[in-house]
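**Student:** Residues per chain, in single letters:
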Amino acid sequence: EAQVTQNPRYLITVTGKKLTVTCSQNMNHEYMSWYRQDPGLGLRQIYYSMNVEVTDKGDVPEGYKVSRKEKRNFPLILESPSPNQTSLYFCASSSQGYEQYFGPGTRLTVT
Amino acid sequence: GQSLEQPSEVTAVEGAIVQINCTYQTSGFYGLSWYQQHDGGAPTFLSYNALDGLEETGRFSSFLSRSDSYGYLLLQELQMKDSASYFCAAPNTGGFKTIFGAGTRLFVKA
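Chains as they are written, first to last, in my numbering: chain P, 40 to 150; chain R, -7 to 102.
No wet-lab data here; the hints were simulated from the structure. No experiment lies behind these values; they were computed from the predicted model shown. We treat Cβ as the ideally placed atom computed from N, Cα and C, and that holds for glycine. Be aware that one or more of the hints could be misleading.
[To be verified] A short, non-exhaustive set of chain P residues, derived as facing chain R with CB atoms under 7 Å:
hint, residue
1, Leu82
2, Met89
3, Tyr137
4, Glu138
[To be verified] Not everything, but these chain R residues come out facing chain P in the computed CB check (under 10 Å):
hint, residue
5, Phe37
6, Ser53
7, Pro83
8, Phe92
[Said to hold, decoys possible] Here chain R is said to cover these stretches of chain P; the calculated rule only asks that three of the stretch's residues, wherever they fall, bring their Cβ under 8 Å from a Cβ of chain R:
hint, stretch
9, 49 to 56
10, 95 to 103
11, 106 to 115
Use the sequences and the hints to build the structure in full.
**Tutor:** Below, the structure is given as structure tokens:
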């Protein structure tokens, strides 16, 4: 089954404790992206990647890191999480950019 | 700045037709996508318009007018299961950087 997976689905952590949210896709898509979703703000792009070792900033990259060492994986790293990073996070992949397939989401709470 | 504007809420009755508008201001406009998101779920792709005109996919259609920087999603024969949030989205710098509208919450009433 073609899909995008994310782990964990739910995470509660404390300020400053480094964490990684994994994202994997099995559709051989070159394009992958991370978004955060907050009430009333829609989806805001954090980082995106157009291929292995090619990443670029979206609209809200501060406080986040990404890497793309393999085509199928695109982890999101929060080196020192803060409460304002409490949000719902989605990973997406695409072959074209305009038709994106989203993972199930990761609900992160930073206390 | 670069933005997509949509109404925050729309209410319609079952069996009716509803139109969700999206006006945009972006650089390097390539086209307009539409996504549906049910509560607790992930966004799912509905349609994409690269050219002006109407694209039809079953009960859903999407329209784009580049000259007016405007598009809309048209939902026909509304069903209760269409109650969801709908987002327009556009790549905005010639690459895969994508911006989304804030979303329109559609309530379908019996």
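**Student:** So, for every hint listed, does it hold in this structure?
**Tutor:** Results of checking the hints against the structure:
1. Leu82: Holds: closest Cβ of chain R sits about 4 Å from leucine 82/P, inside 7 Å.
2. Met89: holds (6 Å)
3. Tyr137: Constraint on tyrosine 137/P satisfied, holds at 5 Å.
4. Glu138: holds (5 Å)
5. Phe37: Phenylalanine 37/R check passes; min Cβ-Cβ to chain P is 5 Å, inside 10 Å.
6. Ser53: violated (17 Å)
7. Pro83: With a closest approach of 6 Å, the proline 83/R hint holds.
8. Phe92: holds (4 Å)
9. 49 to 56: violated (count 0)
10. 95 to 103: holds (count 3)
11. 106 to 115: This one is violated; 0 residues, fewer than the three required, reach chain R with a Cβ under 8 Å.
Hints 6, 9, 11, counting from the list given before, are not met by this structure.
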